[in-house]
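There are 2 protein chains.
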Amino acid sequence: MTLEVPPGYRAHDAQSLRFYLADIPAVAGKLGGAAADWAIEEVGDGNLNLVFKVRGPDGGVAVKQALPYLRLVGEAWPLPLERAHFEHMALSREGRYAPGLTPEIYHYDETLALIAMELLEPHIIMRHGMIAGTVYPKFAGDLSTFAANTLFFTSDLALKAAEKKELIAAFAGNTELCRITEELIFTEPYMVAERNRWTAPYLDPFAAAIREDGDLKVAISRLKVKFMGSAEAMIHGDLHTGSVMLTEEDTRVIDPEFAFMGPMGFDTGAVIANLLLNYFSQVGHEEAPGARDEYRRWVLSATRDFWNGFREKFLRLWEENGTGDAYPAPLFASPEGKLRLAAEREAYMARLFADTLGFAAAKMIRRILGLAHNIDLEHIADERVRATAEARGLTLARDMMVNTEAYPSIEAVTAQAERLNAWEPKLGG
Amino acid sequence: MTLEVPPGYRAHDAQSLRFYLADIPAVAGKLGGAAADWAIEEVGDGNLNLVFKVRGPDGGVAVKQALPYLRLVGEAWPLPLERAHFEHMALSREGRYAPGLTPEIYHYDETLALIAMELLEPHIIMRHGMIAGTVYPKFAGDLSTFAANTLFFTSDLALKAAEKKELIAAFAGNTELCRITEELIFTEPYMVAERNRWTAPYLDPFAAAIREDGDLKVAISRLKVKFMGSAEAMIHGDLHTGSVMLTEEDTRVIDPEFAFMGPMGFDTGAVIANLLLNYFSQVGHEEAPGARDEYRRWVLSATRDFWNGFREKFLRLWEENGTGDAYPAPLFASPEGKLRLAAEREAYMARLFADTLGFAAAKMIRRILGLAHNIDLEHIADERVRATAEARGLTLARDMMVNTEAYPSIEAVTAQAERLNAWEPKLGG
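Protein sequence lines correspond, in order, to chains P and R. If you're matching positions, the first sequence starts at 2 in the working numbering and goes up one per residue. If you're matching positions, the second sequence starts at 2 in the working numbering and goes up one per residue.
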């Protein structure tokens, strides 16, 4: 199958990239020395792109280039190169609102769908660190800042309506990436679909129950409608622990190619979902039963700290920078008005928390029953153990999505996670 | 003040329009005869545009041309001419989804911001007819069809997500018209604002109570957020009885220049608001107390028939044409699934009804306390009588917006309207 690409596009290999970068002063200057001496390796382990690490005598550069198809599936699933345009636009804005929490951009080439940016070293993908049991003391603080700042400052609470509509129009073209989410997260895990897979036969009864769960299918459909129609803020769109690179001292969020103007809870939910999945996965990574208990406690405390930090920071931003067209200040200028607005802000956060839990649940379920799984669970070799962890995650997710009001706080969620982690599900097979 | 207009734009007068139209075969052919013999009159009584009626020996044409400022206020309030582009786009789509319920378009000139369309005769603006006490037997049926078809077919229930995102982008530029709504409907009536006016001093205590009503200000702010961020469907954006031209046999919806991708309840609410305002205004138009009782009953029955008809038609469209990305059919394919989806459709309509009541209330309040009033009320010469009608409308609207759950059906709304119409409010002054 031959894919159409725009004139001027070519997928780089290490050698062609070397010649290309040599002509980009902003990049060549970072690397230093002669182009012939640069070390270039392709390291893309994601699903969508080529990723090169380039090292020279003076420093390193990461180069990400979009491929015209979904790498995970192959050329049979074409994907528009324009996603690099959306990624670049989102990354630029995120960097402005959450300085120091994204990689610095050195160079962008629209024709090549290529972004050259800061090489993050010795950062690793957070998911790998969590599987290894590494504690990241700054993670919850940094990621709650990232989410609060990027979501708040692109919302109606901070922007004038016309500015927000410009953003809506600017991201409206990212339909193919949204379609991946719509299909793989909000639809296929709840039906018989060729791309689904799960830990069979152990998880068969759980997968079957979800396919027959009318309340759950209504709940996921309501979330899908919200995803497609609620332009609340510029969301990252894929904010899982594979999109975070960090050390114990430094946290960066990468890969916002799924960005568009969508519901805020989709981002906050993604963070929580991936922490909870990792929590349940620990049974498959500990050397002896209980060996990872302390790590488990850290994962749940990071989950709580992320949401509570996000909530607090978002509220503070609103109080101090509520210059947008929503909840206009003149309506709430009196002392009574200020109190009423303060109460409404709490109610707003409660609604956002309910959205967060729904989207978190959707993300958990898709990683267990859908096409793309997480290595937190996939790397558990013992399939019974893996299925046990997955059944626990599915059970929590189902409850979070359908009985959302039973979880008024993040503490209620982590407490239920702990209870379910002690539960022995009745597996199939 | 000189306003900037694009090259090629000029506001027509009758004489220049004659020369212009003579060169447009689609228009000249409709009119027939020689251009010199056409009768042209400017009849614009709206706020935003020039409107010409052109008559020739073979037929008539209506010509609408946008002015670069808000006519109601004058050149101090510039308005972009591009609204004609959005109007033309919306009118074309409405005509496709609701055939026979909009004027036929003969000619569109983007540079002149000018649309030539079917001259509707002997149609009159519905508001005028309702003030005169004219019953329109086809109105509720036609307008419920218009609303159901235009909203359903531009929603996620009918469209693929990519098609809907194209519509979102296409209408995202209509920010100035949206801003009028955001300011005049969702903000100013609830605060001290220069542009507000009301029937003082009689209505002073009611206006003051609304400015101090914290629950109401939170409710209107939530509706404003929904207006700015919920891209549910292509809405007309100004669907009041001044945007309907009709006879007893034929109904047409005109003037969709406020169109954008917004919440459906804003359109359905506008219809209901304007019927209710007219209902309360009848006390000022009847020749003797009770003389308009039969007409009052018709207005309320039309209100009920509009909503119930809309609800039924929208549900039927969903059942028969639910091909969009929302609530995907494969999720609800089993007999149990079909039942569950049927129940969810009812729940969806209940949520849409709650939105409708909130937006209807917002529309009622702005017409009594804000800048732009309705002649239903303004034409009541006796200010005490007018204020009495307005106080009743305000009281119903406040309750609909804050205690929405007390109105589970349109019958509950019209029953409360009847109760309030017998209530003597304590006026100021």
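There may be inaccurate statements among the hints.
Using 25 Å as the maximum straight-line C-alpha spacing, the simulated DMTMM-like pairs for lysine to aspartate or glutamate come out as follows [unchecked claim]:
id, chain 1, residue 1, chain 2, residue 2
1, R, Lys227, P, Glu5
2, R, Lys227, P, Glu195
3, R, Lys161, P, Asp205
4, R, Lys227, P, Glu164
5, P, Lys227, R, Glu313
6, R, Lys339, P, Asp205
Since the hints were made in silico from the structure, they are not lab data.
* **Broken hints, by number** => Those not satisfied are hints 1, 2 and 3.
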